[in-house]
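Using the sequences and the accompanying hints, generate a full structural model.
So the sequences go chain by chain: A and B. Residue numbers for the first sequence follow my numbering, so the first one is 127 and each next one is one higher. Residue numbers for the second sequence follow my numbering, so the first one is 4 and each next one is one higher.
For the record, the hints were derived by calculation from the structure and aren't laboratory data. Note that the structure is a prediction, hence the values are computed from the model and not measured. Wrong hints could be hidden among the right ones.
Below, computed lysine to aspartate or glutamate pairings styled on EDC-like, alpha-carbon distance capped at 16 angstroms [stated by the list, open to error]:
| hint | chain 1 | residue 1 | chain 2 | residue 2 |
| --- | --- | --- | --- | --- |
| 1 | B | Lys-103 | A | Glu-185 |
| 2 | B | Lys-103 | A | Asp-199 |
| 3 | A | Lys-135 | B | Glu-44 |
| 4 | B | Lys-54 | B | Asp-74 |
| 5 | A | Lys-170 | A | Glu-185 |
| 6 | B | Lys-73 | B | Asp-86 |
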Amino acid sequence: NAGVTQTPKFRILKIGQSMTLQCTQDMNHNYMYWYRQDPGMGLKLIYYSVGAGITDKGEVPNGYNVSRSTTEDFPLRLELAAPSQTSVYFCATQTGFYQPQHFGDGTRLSIL
Amino acid sequence: GQQLNQSPQSMFIQEGEDVSMNCTSSSIFNTWLWYKQDPGEGPVLLIALYKAGELTSNGRLTAQFGITRKDSFLNISASIPSDVGIYFCAGQIIIQGAQKLVFGQGTRLTINP
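Pasting the structure below:
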């Protein structure tokens, strides 16, 4: 998964805390995506961006916010962490239309 | 919204056996993708299918894009231990100017040596 870097790899939060999950890519891809993967399930889209300055909601956006001030970075913010947000979060990029998405290694987040 | 039904959910096979899994949907997709996910890692793309009826191979892997654009299958021939993992199908659609992926629930493959 070279080219898509997610940090941190693991994090434990207390209920009500906030944090930002970082996603950085060095491939100059316009399209970027945030997914969450709950145990035993496929990935669900949280937010996506088609370019710097443009973001939009996916399937499960509640409780999250994103920004895209540069092509390289697409941070995902949790403002008031809740146990239901315990999941593995994946960032993905896409070089262009009709091209496959490529994923980072994920951030495993536990909220207690 | 769009949903994919992936089956089987899990498979337990002997090394050397062939494997077959599939995805179906009530929705039409313009691209079908197959990913493999190893523990602690992100999904890695195996095969991408762009045309209805397309049959594509990648080594021991073969996948097909259904004629109706509502289904796809993945076959793995002569399985080896490194094939162990979770396989996901994903359908790609265009919504609001972006290509969005809808994922199946995954097929967990276990191989007995």
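- [ ] Starting from B:Lys-103, check that the Cα of A:Glu-185 is at most 16 angstroms away, please.
- [x] Holds: B:Lys-103 and A:Glu-185 sit about 10 angstroms apart, inside 16 angstroms.
Task: Distance restraint between B:Lys-54 and B:Asp-74, which requires alpha-carbon spacing of 16 angstroms or less - done: Given pair B:Lys-54, B:Asp-74 holds - Cα atoms ~12 angstroms apart, limit 16 angstroms.
Task: Restraint check for A:Lys-170 with A:Glu-185, where alpha carbons must lie at most 16 angstroms apart - done: Within the cut-off at roughly 7 angstroms; holds.
Task: Restraint check for B:Lys-73 with B:Asp-86, where alpha carbons must lie at most 16 angstroms apart - done: Roughly 26 angstroms between the alpha carbons, so the hint for B:Lys-73 and B:Asp-86 is violated.
TODO: Take a quick look at whether B:Lys-103 and A:Asp-199 sit within 16 angstroms of each other, Cα to Cα.
DONE: Status violated; Cα separation ~19 angstroms.
TODO: Verify the proposed pairing of A:Lys-135 with B:Glu-44, using a straight-line Cα cut of 16 angstroms.
DONE: Cα-Cα ~10 angstroms, so holds.
Comparing the model with each earlier hint shows violations of hints 2, 6; every other hint is respected.
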